[in-house]
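Q: Residue numbers (my numbering), protein chains in the order written: chain A, 1 to 464; chain B, 465 to 532.
Source of the hints: derived by calculation from the structure; they are not laboratory data. Among the hints, a few may not be true.
As the list claims (entries may be wrong) - Dumping the calculated SDA-like pairs for lysine to any residue here, alpha-carbon to alpha-carbon at most 25 Å: (1) A/95 / B/487; (2) B/510 / A/350; (3) B/467 / B/524; (4) B/510 / A/371; (5) B/471 / A/326; (6) B/510 / A/401; (7) A/64 / A/50; (8) B/489 / A/319; (9) B/489 / A/341; (10) B/489 / A/134; (11) A/95 / B/485; (12) A/64 / A/19; (13) B/489 / A/329; (14) B/510 / A/304.
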Amino acid sequence: MTDLAFLGIAEAAARLREGTLSPVSYTEALLERISSLNRRYHAFIRLTPELAIAAARQAEREIKEGEWRGPLHGVPFALKDIIDWAGLPTTAHSKLLIDHIAASDAWVSQRLKAAGGVMLGKLATHEFAIGGPSFDLPWPPAVNPWGGNHFPGGSSSGSGVALACGMLPAALGSDTGGSVRNPASMCGIVGLKPTYGLVSRRGVLPLANSLDHVGPMTRSVRDNALLLQVIAGYDGADPGSADVPGGDYLAGLERGVKGLRIGLVRHFYTEDLQAHPEQIAALDQAAEILRQLGADVQEIRLAPLEQYAVCTRIIIRCEAFAIHRPWLATRPDDYGDLARQRILDGAVMSAADYIDALRLRARLTRQTLDAFAGIDVALTASNMDPACRIDDAEACARLYPRQARQPFNVTGQPALAMPAGFTEDGLPLSLQLIGHPFQEAMVYRVAQAYEAATPWRERRPPGL
Amino acid sequence: MDKAMTKDELAAVAAAAGLPRLSDKHLEQLQASVAAADELSRRLPKDFDWTDELALTFRLRAPAGERP
Numbered sequence: 001m002t003d004l005a006f007l008g009i010a011e012a013a014a015r016l017r018e019g020t021l022s023p024v025s026y027t028e029a030l031l032e033r034i035s036s037l038n039r040r041y042h043a044f045i046r047l048t049p050e051l052a053i054a055a056a057r058q059a060e061r062e063i064k065e066g067e068w069r070g071p072l073h074g075v076p077f078a079l080k081d082i083i084d085w086a087g088l089p090t091t092a093h094s095k096l097l098i099d100h101i102a103a104s105d106a107w108v109s110q111r112l113k114a115a116g117g118v119m120l121g122k123l124a125t126h127e128f129a130i131g132g133p134s135f136d137l138p139w140p141p142a143v144n145p146w147g148g149n150h151f152p153g154g155s156s157s158g159s160g161v162a163l164a165c166g167m168l169p170a171a172l173g174s175d176t177g178g179s180v181r182n183p184a185s186m187c188g189i190v191g192l193k194p195t196y197g198l199v200s201r202r203g204v205l206p207l208a209n210s211l212d213h214v215g216p217m218t219r220s221v222r223d224n225a226l227l228l229q230v231i232a233g234y235d236g237a238d239p240g241s242a243d244v245p246g247g248d249y250l251a252g253l254e255r256g257v258k259g260l261r262i263g264l265v266r267h268f269y270t271e272d273l274q275a276h277p278e279q280i281a282a283l284d285q286a287a288e289i290l291r292q293l294g295a296d297v298q299e300i301r302l303a304p305l306e307q308y309a310v311c312t313r314i315i316i317r318c319e320a321f322a323i324h325r326p327w328l329a330t331r332p333d334d335y336g337d338l339a340r341q342r343i344l345d346g347a348v349m350s351a352a353d354y355i356d357a358l359r360l361r362a363r364l365t366r367q368t369l370d371a372f373a374g375i376d377v378a379l380t381a382s383n384m385d386p387a388c389r390i391d392d393a394e395a396c397a398r399l400y401p402r403q404a405r406q407p408f409n410v411t412g413q414p415a416l417a418m419p420a421g422f423t424e425d426g427l428p429l430s431l432q433l434i435g436h437p438f439q440e441a442m443v444y445r446v447a448q449a450y451e452a453a454t455p456w457r458e459r460r461p462p463g464l
Numbered sequence: 465m466d467k468a469m470t471k472d473e474l475a476a477v478a479a480a481a482g483l484p485r486l487s488d489k490h491l492e493q494l495q496a497s498v499a500a501a502d503e504l505s506r507r508l509p510k511d512f513d514w515t516d517e518l519a520l521t522f523r524l525r526a527p528a529g530e531r532p
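Next comes chain A alone, as it looks inside the complex (with noise of 0.2 Å):
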């Protein structure tokens, strides 16, 4: 079962196009997992196997066929439970929305469908994509299969749990403030936030509409680049979706890191925060890694870290509020304590404030892109930290805002968190490579040869 379990996406379909792997068999042996594992992780919240199973069928039945649709036809996958599959609830892992029976697939649910992937079922989330971890909702919160009792980062925390669990090989996060990147960071998969508009939100529930993306997470590079190829595209139904051409995310992947500019923000995790010193050893060895491979390796420096967390924060909660204002006027007791508390947040802002906000914005990417010009891609620290215990509340709060990834939401630019060693507990850490505004194809090419150049992506946490 292992075999299957922590199997890849670009490696289940070759198998499943040569039919030396059956769609049905496949998917039956990763529910049988889920049920004996999900007891103790929570990753998911509902398993849909007649579903998993009827779509396993029709994928078996066309590949024999030879109508195979591509590198995701018969391959598993589950969806954060903020994203609508028709007919199943969306319930943003809180008790508001448990009767909410979506009534259309959101676009990233209908490409998926398009391309033959097998729907496993939906998985936790903190609530409404902000309030966790938490016990006083309807579902307990995922648990990180690192450590004993750990914090699996968010807030597409059963996402990350379920990859690092080898419940399945693809997921979907969404990430407004970095929680593609959290859980990827803290689980030792991969995660990408990728260019603001290259991924429609159309039937994905919001968290702060100008701030939300939605992205790939697996547990290799080559796997998030194939889930992007599916899920990125232009959708005229979203406003902040991006008319531009498709890139091509899998052609210069092995293309190397020779000659490249690679911007290393350091102050990030040094000046603006101290990050523990197993993450800055991780994060300086891995720029050292690049360097060995021939890529030419800087120091730049962008506007303090303060800077973009003050106008994140204060954009996400104003426009959560927005958007929950009609249930908190109505049933301010359905929340569970932590999201009711940073919506609330909101509440209390003032207009003017928000409108610095976006000022702020705008001045942080204009500087941001500036300092870009020199470069192919920026490295930096997604988390300070190793994960803590999950019951231990104090811890995660103050972890919480030790992080770097929430400039990249103010930017839009694209962002992929993937692991950079451990620490001596046998705890994952991570690091961070950021790209120009589309041009993913040149992330995952950095980002596949540090893969590629260390062990990482072999190791599985203790007992899986």
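Chain A is already provided as a structure; the job is to place chain B on it using the hints.
A: Same frame as chain A, but now just chain B:
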């Protein structure tokens, strides 16, 4: 705004924000939100003027095809 507000003051703030059903516990959370909003406001740069454009700009698209 850092000083503690009375329950009546907080209820008035909640009502002004369109939240008439907050319980005492929720109003305590609102007190924390007032402090958080105040702190965030203090941390914002203060050097913006009328020439600073917003990150979000309203845009219209021309209709597709020729028009007389």
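Q: To test your reading of the hints: which numbers does this structure violate?
A: Result: hint 3 breaks, nothing else.
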